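Visitor: Listed in order, the protein sequences are those of chains A and B. All residue numbers for the first sequence refer to numbering that gives the first Met the number 0, where the first residue is 0 and numbers rise by one. All residue numbers for the second sequence refer to numbering that gives the first Met the number 0, where the first residue is 0 and numbers rise by one.
Any given hint could be a false lead.
Not close to chain A: a few residues of chain B, all C-beta gaps over 12 Å, as computed [claimed, not checked]: (1) 25; (2) 47; (3) 72; (4) 116; (5) 129; (6) 139; (7) 143; (8) 194; (9) 205.
Think about it this way: if two alpha-carbon atoms lie no more than 27 Å apart in a straight line, the pair counts; the simulated BS3-like pairs of lysine-lysine are [unchecked claim]: (10) 94/A <-> 13/B; (11) 1/B <-> 124/A; (12) 255/B <-> 87/A; (13) 13/B <-> 124/A; (14) 87/A <-> 1/B; (15) 255/B <-> 94/A; (16) 204/A <-> 94/A.
Hints in this document: simulated from the structure, not taken from any laboratory. Since the model is a prediction, treat every value here as computed from it, not as a measurement. The beta carbon of each residue, even a glycine, is placed where N, CA and C say it ideally should be.
Listed below, chain by chain, are the residues.
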Amino acid sequence: MIEVQSLCKSFKVSKRKAGIGAAIGSFFNPQYRTVEALKNISFTIGEGEIVGYIGPNGAGKSTTIKVMSGILVPDSGRCNIQEITPWKNRINHVKNIGVVFGQRSQLWWDLPVLDSFNLLKDIYKVPEKEYQNNLDLLTATLDLSDIMTTPVRQLSLGQRMRCEIAASLLHSPKILFLDEPTIGLDAISKIAVRNFIKTINKEKKVTVILTTHDMNDIDTLAERIILIGKGQILLDGALTELKRKFATHKTITVDYSELYSDINIEGIRILSQENQRLSLSVPLDRFNVSEVIGQLSQQMEIMDVSVENRPIEEIIVDLYKEHQL
Amino acid sequence: MKPYISLFKMRVLKGLQYKTAAIAGILTQFFWGIMYIMIFEAFYSSTTNPQPISLVELAQVVWLQQSFLVFIMLWFRDNELITQITSGQIAYELCRPMNLYSFWYAKLIAQRLSAAMLRCLPILLVASLLPEPYRFSLPPDLITFLLFIVTLFLGLLLIVSISMMIYISIFYTMSGTGSLLIFGVFGEFFAGMLIPVPLMPDALRRVVYLLPFRYASDLPFRIYAGNIGTREAIISIGVQILWLSVLVLIGRMWIKNALRRVVIQGG
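All chains should be built: construct the whole structure from the sequences, respecting the hints.
Guide: The following block contains the structure:
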């Protein structure tokens with residue numbers, strides 16, 4: 000469905016030091032450096048997939064989304080989305096896709112949300128019946144009924160973002176690009192947005208590509224992740240596989256009332272011990288979690304135990320480190 | 000065509016939101032109109048030579064200039080469009096299955112039209128109650144009025160196609176200030192907004208007739224005042240259409256080129 004092959008894009012970025020002297024200097028002799036935003040990016044995405052596209056700031060995530068949505072022309076490489084090269088046939092391409100740029104707004108600032116929606120309906124030439132169906136579904140699942148008639152400038156960020164997402168789906172696109180859809184949202188709105196993305200993926204088979212810095216988004220939504228850094232793809236695979244590869248430790252946290260002897264198990268690292276609470280990092284290749292708990296119970300009076308997987312944030316930080324980003 | 004009509008409607012709706020701006024505009028333009036006519040009155044009373052346009056005709060031109068100011072001024076800009084380009088907000092416009100040139104064209108016409116709708120009638124109404132030679136009066140006959148409407152409308156299209164050039168240039172310069180200033184000042188002068196075209200020296204007038212600017216304001220207003228005859232008016236409509244096609248063609252080619260090398264600013 001989406002085929003990207005050896006995509007390259009570089010930008011000319013002007014550089015100059017701070018200060019008046021440098022500003023005057025650059026007036027006569029502007030200096031540029033070339034930033035390679037995308038270096039040989041290739042991947043294939045099938046129908047109905049949800050792909051998390053992650054990477055640190057400036058890795059090239061947004062650039063890739065822009066190329067795929069046909070608004071940026073790459074220097075070289077091929078991109079084939081439903082048999083169309085986005086930047087060569089922009090108008091036909093964008094009919095099939097929905098895009099949300101989390102940091103921008105597509106709604107008319109001074110007018111009620113519904114006006115913007117009606118305009119989009121006419122722009123995309125959505126048939127009346129289909130539009131009504133979509134609108135009903137979106138209003139219900141994104142909980143928009145109360146805010147439809149409010150001018151956009153009076154909406155909160157979370158409300159606006161839900162409207163933005165709805166706006167990009169009014170024309171029933173088969174592919175949805177989400178560039179940081181949960182940026183700046185509170186926990187409740189984030190969950191609403193996530194649930195919604197899941198629903199449309201399941202019910203309408205919409206292919207979703209999302210970039211985010213919120214690892215919970217990835218955790219709840221994406222089955223597959225593509226990690227990009229400095230314009231190159233570093234990793235492309237299933238999220239579970241990634242977890243298996245990197246989640247080599249579990250964290251055991253114990254609350255105790257009495258300690259019989261000092262805890263010292265060879266090969267287990269103590270993360271913290273204070274106020275009658277002990278945190279241990281257990282390597283799974285050498286230890287079994289229940290054995291460790293058994294051993295601990297002989298050395299202390301245990302009040303409470305919790306076992307946690309390594310949070311995905313840490314895995315990603317490790318990944319970044321491994322690739323020296 | 001429907002998307003453009005809806006877009007047009009939206010922009011008109013948005014424009015109608017700014018009522019206070021309209022009232023302020025009306026008062027300013029009214030003041031300017033009276034001031035201009037006073038200046039010309041002083042000028043006419045100090046000369047004994049017959050001038051190519053009478054003071055009464057000139058008063059009509061001045062009032063029309065003032066009431067349709069937003070129709071004909073190049074500096075009347077859509078800040079939203081400019082920030083769209085410089086901030087990268089244009090990303091969303093490019094995600095729409097529409098030709099960007101036509102999309103913006105519809106928006107810009109709607110912007111000018113909605114602004115003019117609120118302003119022109121009150122000014123003309125009050126001006127028609129003033130004593131001579133300040134009074135604004137009806138055109139000499141129906142044909143003149145029809146020619147005025149046609150040329151005014153074509154002039155609006157013409158002005159928008161010129162201002163499109165300003166917006167496209169922002170893709171390259173990243174700031175609208177320069178182009179707006181240059182186009183604004185030259186456009187205003189060559190449109191006869193500062194010195195009425197009939198009062199210009201011959202050589203200058205020939206230049207003015209070659210450029211597109213006067214065909215948006217000077218032409219329709221002088222037709223209304225009865226200073227331009229039917230024959231000349233019809234020929235001028237041809238010139239308007241010619242300029243319009245040339246400018247739209249260049250604009251479309253230029254925007255195509257600009258989009259190929261456009262950098263969507265910001266992350």
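Visitor: Of all the hints given earlier, name the ones this structure violates by number, lowest first.
Guide: Violated hints: none; all satisfied.
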